[in-house]
Amino acid sequence: MTAVPAAEATAAPLMEARGVTVRFPVRGGVIVPVDGVSLQIAPGETLGLVGESGCGKSTLGRALLQLVRPAAGRVAFMGQDLTALDGEPLRAMRRHMQIVFQDPRGSLDPRMAVRRIVEEPLRVHRLAGPPEAARAAREMLALVGLDAIYDRQRPSQLSGGQLQRVALARALVTRPKLVVCDEPVSALDVSVQAQVLNLLIDLRARFGVAYLFISHNLAVARYISDRVAVMYLGQIVEEGPTDTLFARPRHPYTQGLVASVLRPGLEARDRLGAAARLVTGDVPSLLQPPTGCRYHPRCPFAQERCRTEAPRPEPVGGGQVVACHFWREIETGTARLRSAAAGAPSG
Amino acid sequence: MLDARLGRIEDVEEARALARQGTLSRAGDLFWPAVIVALVLLALTGDALAPYSPTAQDVGARLLPPFATSGRGFHLLGTDPLGRDLLSTMIAGTRLSLFIGATATFIGLVIGVGLGMAAGYYGGAVDRLVMRLAEAQTAMPMFLVAILFLVVLGPSVFNVIVLLPALVWPAFARLVRAETLRLRETLYVEAAVATGCTGPQILWAHILPNVAPRVAVLTVIEVGHVMLAEAGLSFLGIGVQPPDVTWGLLIARGRPYLAVAWWLVTMPGVLLGLAVLAFNMLARRFEVASGSAA
Amino acid sequence: MIQEPLLDVRNLRVRFETPRGLLRAVDGVSFSVAPRETVGIVGESGSGKSVTMLSVLRLFPPLARVSVSGQVLFEGTDLLRLSEAELREVRGAKIGMVFQDPLTSLNPALPVGEQIAESLRTHRGLSRGAARRRAEELLELVGIPDPGRRADDLPYRFSGGMRQRIMIAIAIACEPKLLIADEPTSALDVTVQAQVLVLLERLQRELGMSLIMISHDLGVIAATSRRVLVMYGGWIVERGSVEEILERPGHPYSAALTRLVPDLDQPRDEPLVPIPGQPTPVVGHMPGCRFAARCGYAMDRCREETPPAVALATEHISLCWLSADGIRPAPAPTPAGGRR
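Chains as they are written, first to last, in the numbering used here: chain A, 1 to 347; chain B, 1 to 294; chain C, 1 to 340.
Hints in this document: simulated from the structure, not taken from any laboratory.
Note that beta-carbon positions come from the ideal geometry of N, C-alpha and C, so glycine has one too.
Careful, some of the hints might be misleading.
Now the in silico label distances, taken between C-beta atoms and shown as ranges [to be verified]: (1) C:Asp152 x A:Val30: 25 to 35 Å; (2) A:Pro300 x C:Leu264: 15 to 25 Å; (3) A:Pro315 x C:Arg226: 39 to 49 Å; (4) B:Thr45 x C:Arg20: 33 to 43 Å; (5) C:Asp146 x B:Ala178: 41 to 51 Å; (6) A:Ser186 x C:Glu270: 17 to 27 Å.
With the C-beta cut set under 8 Å, the calculated list includes, among others, these residues of chain A facing chain C [claimed, not checked]: (7) Leu85; (8) Asp189; (9) Ser191; (10) Val192; (11) Ala194; (12) Leu197; (13) Phe246; (14) Arg263; (15) Ala268; (16) Leu272.
Bound-form chain A, shown alone (with noise of 0.2 Å):
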């Protein structure tokens, strides 16, 4: 399962955004949740997307989707600039490119019909009449593991785990090469939890789907994607294949986030106090994000330039990339600690 990334540049990609950016207007003037953020998504590549609330991970999700208008960039999908279509166009582009809430029984209409709710993209996209959506949305149902007996009942009558199968089989009935999912598994109980992600890797074997998978739970985000990308504010600060990404962690945030989850073993109580020194504080306000590099209040390694001037994405070998003035010394240990020129620190 080690993914290999020498070959994205030559395989043409099914997404690639370019300075994906998105405002929005405020009370005290406007936040940007998403500031000129560019990645790539190969077919049938799942990519993880990582971040703590506040990140934006969810929103560039539903920008790259266009369920949310980017006030700048452009999103390349299968060929077309999806940033210039709208109306028909790009309701026509949607049966390629789907998306998983996190919440499952809000994401599904309350006074629908199971069976009735995956048949609508069939119908919406006239890829089927009556009979034969029913037949197609009953053959998805039972690919996610729901009986027959579920298809007339109503989300109200099903668990998070049952709603969130009928949301996959929704996404995928109309065969995309691309499903969004955001968050699917977080609400979910955790026995309820590996069922679904064991899904999600099933479905993905069987259609070939690519996945842009959202989540704040590295552990998860790291079972599941060939490739994961590090968001912090707005940007992204890291990313890379899977296995060297969590072997060795360039960025500061990503090292800090990596030494906080807690694994369910003895050495949990030694490490909490190291991830506590690791990351101090709570994440800014979007209103006034940071100077320079956003991370720099946090960063135990922040010196003066990292206040003053934004780091741009560095590839560091292994089809890694990070943005980070100082990787290379954090790396090789010789990196000072914070310097009072970087300002008071936050936390």
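For this one, chain A is given, so just place chains B and C on it according to the hints.
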């Protein structure tokens, strides 16, 4: 504080939801629905049930009080100035009163729901237009306008049915617009957009079924309003005309005789009031059952 | 040396009346917590873990038709027999509670300093001024910067992590002997989680409190608890030291839990082994083991007879027929894997 938190425990939340569902089953709750059902049955089969023909005149038995007996027989509610049995004429009037009430409300519903959904979903110019129309409607003294129209166009059942929806469509439009605004922001509507549904498809398949419960409640209330309005118009003589009969018309016919034959006004009036009350109580029951009651 | 336990729960049963029958949310739970000890409770929704803790303080909404039986001995007094007034003395002053979602647990209309001070005035009889000063001290103690000014802010002005710290400040304001934390970090980001757990640990040491840590996350339990209770379907299905439970689980459910979540330190292609089915509340009478329907090791006996409590080691007890037969669940994936 505690309720919100406990609600997150699945078992307790389930328990409370189940407990709420139990409220419909008490026998006493069937009273008002039974009244409505009785009225509808009366409207449909009244002709057969009425003891006398509503048009049969018997001048020798005019203005008899309730419980009186004439040459023809027993008159439960008395007779009118032409000797017609009041009970029979009231039964005859039921059909038209309910019919006008239901039809006019239904037309108002269709217009109001349609405009309300469009206003709520598309916003912008559509919304402004619809809201202006509704405001204008509410600002006008509807009754005077109705009088004007009916005097000019001539009173008739048809004209009344065409005119009365104007009275109720703004209420539907406002309700549906507010609900649509709320529903538009739900995750499943966003999911429908992501699926590739068009606006009309979303309105039909997702918004309409979800506004239906509250629209049902409002419909029942508005039927009562419309019936009262029709009664008022007929009472003034510009609504329904003889030989058609509605409760309003009956009240009008009885008014000159109020001092000597109080039953001619009171009985139809009580029936009208009962019907409107029944509709309002039914609306309240709908609210409780659908879980949106206060 | 056997210490007198601080909290001693004996045979606690909590039942809700529902139209579908009697819901046994907690069915015969017994455990104790010693002074200065951290006990972890692991379970999913429907396991009864939250209801158990709410029963300790009788925090049920007035509408729920609940019956609670058994004993909850706190410092020797049975909390279930106390009057509402006496119970109020205990809540906040002797036992503090921290909930999962600080957004709904804090009063959105009162400044945070006031919410802390309220508790101090009621339970400690402090004057307004003294309570306010102490509230600011507490905010500082839990790591809220600029406490003098921020004590006047409303909860919405704080981030999730800060709100949780404020909840902790309220809970420890009167220096309770016991702090119950119900999923205190589940709604928080992972980097903030570490800081909040470290804070809880530090406060526990400084104030000499006992801590009950409820979580579905084994990592959180491993990092904070010495002893663990594993709950499922209203029972405690296994109890023991954290080492025993994590490394040598005796109950199939505990064993399954450890294989259920992806671990950053394990190889990526190690498959997750789901537990088939979903946790369902137990309504009405259900014979046999609560976990039998989902258990890969279930035998006929499991479905018919209530399993016995088997001692696998000192202080390590498993409620299971498999354990009674002297068998441990295998480290490899269970035989009855597969979906729903």
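Task: Hints that the structure is at odds with (numbers, increasing) - done: 7
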